[in-house]
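Trainee: Listed below, chain by chain, are the residues.
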Amino acid sequence: MNQVKSSLPTNLPEVIYTPDSHLRKPGKLIRDMFSDLAKSKELAWRLFMRNISAMYRQTMLGYFWAFLPPIATTLVWVFLNSQKIVSMGDTRIPYPVYVMIGTLLWQVFLDALNSPLRLVTSSKAMLAKVNFPREALIIAGIYEVFFNLLIRAVLFIIILICFKVAVPLTFLFAPIGILSLIMLGLMFGILLTPLGILYQDFGKGIMIITSLWFFLTPIVYPPPTSFPANMITKLNPVSPLLVTTRDWLTIGSVEHLSGFIIVTVITFILTLMGWIFYRISMPHLIARLGA
Amino acid sequence: MSDDILVKVENVSKKFCRDLKKSLWYGIKDIGSEIVGRNNHQQELRPKEFFALQDISFELKRGEVLGLLGRNGAGKTTLLKLLNGLIKPEAGQVTMRGSVGALIALGTGFNPILTGRENIYINGSVLGLSKKEIDEKFDEIVNFADLWDFIDTPVQSYSSGMHVRLGFAVATNLAPDILMIDEILAVGDAQFRNKCYNQIGKMANNAAVIFVSHNMNDIARICDKCLVLSDGLIVHNGNVEEGISKYLEDSDDGSVYDDSFEKVEYPVKTVKFEWSKLNIDYGETIELSIYIETDKEMKDIGLQIPFYDNQSMVAGEWYSKRYHKTINLNKGLNELNIKLGPLYLKKGLYKIAIILSDSMGIGFPVWSYKSHTLGVNGPAMGGWPYQIMGVVK
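So the sequence lines, in the order shown, correspond to chains A and B.
Per numbering that gives the first Met the number 0, the first sequence starts with residue 0, numbered consecutively.
Per numbering that gives the first Met the number 0, the second sequence starts with residue 0, numbered consecutively.
If we strip away everything but chain A, and leave its shape as in the complex, we get (with noise of 0.2 Å):
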């Protein structure tokens, strides 16, 4: 049992662990986090895989569930508004339209808000167990995301040449704002994951939040332009998102691209530093929970 390898490499990889904060090591850190951000790629490919065969294979109605809530949405707003119980103003765009392409957009940005504690609480025991990639977690769920969104991509589609809505050459951009919505829930959502880890009460306080965040958003009404209620689109990040993706996907003419950018630049820095504030709580995570 006891032979040694006659010849021993020599360059082994040496892991050192210490009580010290990564912190005072940031080219370590950065290094690190990039390394395990490429060798989480296959991982985070098969735990998407996984999950996705999982979620539907259960199921009756399979991938229709993807479908149902901005359908279900749609319908309930369509009609409200048709039957004059509220009133929406103009749209510039059919109506079920608006609602449909801005509850698919805010969908996107819920799936990317929820998914960084959905899959961290769903995998502690095996972060407690196995020292994996912790980015893979991640990115799984981003695929995701994506996933989702390209199942919805389908309905939208649909609705386009059911109400022969013509699409401006600006919904080439549409990938960009798809992208901002998707890092703007990402980073709430890998900022919350620690804290929601250790107190139930940051995923409790999430859904309640989101519902409310739905009707504060110009999802199934149009941006208000007077004072106070113009504030929605001012303080409410998800707002210049959202609008401007849907304006570049309907009718090319765009308002509010300062607020989308300032929104997108912020939100790039935020994710960065969630992703390493996400790296540095795990290991203070598992000794909290065992498992």
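Because the hints were derived from the structure by calculation, they are not lab data.
Note that the structure is a prediction, hence the values are computed from the model and not measured.
For glycine and all other residues, C-beta sits at the position ideal for the given N, C-alpha and C.
Among the hints, erroneous ones may be present.
Which residues of chain B face chain A? A partial, calculated answer using Cβ under 10 Å [claimed, not checked]:
1) Ile27
2) Ser32
3) Asn38
4) Lys80
5) Gln92
6) Gly97
7) Ser98
8) Pro111
9) Asn118
10) Lys130
11) Lys271
12) Glu273
Take the given structure of chain A and dock chain B to it, following the hints.
Mentor: For chain B alone, kept in the frame of chain A given last:
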């Protein structure tokens, strides 16, 4: 660091908290202080905290197998988690050289709805194997687990044994420089367990191995060094035999009397035992007097005296029919004086039972389960179950 030292642990400590609310709050504070870049060397305990590990130091070279011993809660799993980088120490430093493979939990990442085939790929990825590596080893894995018939069945309909087999088969296809194994072989049937041991032996040839088990025979068989933890402290580091004996001292539950299976039935009315000694040396003899009061005459009875070790395994047994053709009991009080030994038992505390059977060996009017405790001062290893000699005077 010398070239073949793969694991180096220097003065490592780790604290945990007994109170959940406080623990979570400390978690927030620790994360916070790390975010602002403070180095988290904490030697003092905050309220409700305790040291799960304190001042642990040891080294391990390639080719060495270290047995990690300790009672439940001694800190074994915490140490493995520290070595694996899952949690951070609060003091000291851990240096790991080379790839790390941990058989700490089998089948991590398994999803019950998915098939065995799909789960092999998931589990392999979690453990760090690439798709290509899994493709190459797929047949080997299924052969080892012996699960070809069920490979396309969802894992949720596997038996727990099959589940473990599949998990182990995937895990043993790693070729790490440092291998950690945490008591996972306690499940599965005997045949599969032997297969596992062979496989671990192969993996251990070229790795530094840390092996956690409560089975002293496994430790004695596999390890060449031994670390004993007690309440987060190292109480022994080095020789395996001494380590095992240290652990046994630590984990003996002493004089807990076990009457769970005790019975005295017709025609026996009362039974009393007297032992000549509480402690003996290796190879000594011991005398036992049994007083049996019966309602009627009993011819040709059998007496059985098994010795149980601290793991409730029979370490030795005396059976009267091997040495005497007949023992008869008269109506009324009978006295039997038995001399047992020499007793070649390894060091430890033994529980002794006394069983009286009828002439056919079918009825057991007396079954005094683990009624007496005997301490043996002897070598820490060796001593398989054997037939103890003895005579009724």
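Trainee: Under the constraints set out in the numbered hints, which ones does this structure not fulfil?
Mentor: As far as the earlier hints go, 11, 12 are violated by this structure, in ascending order.
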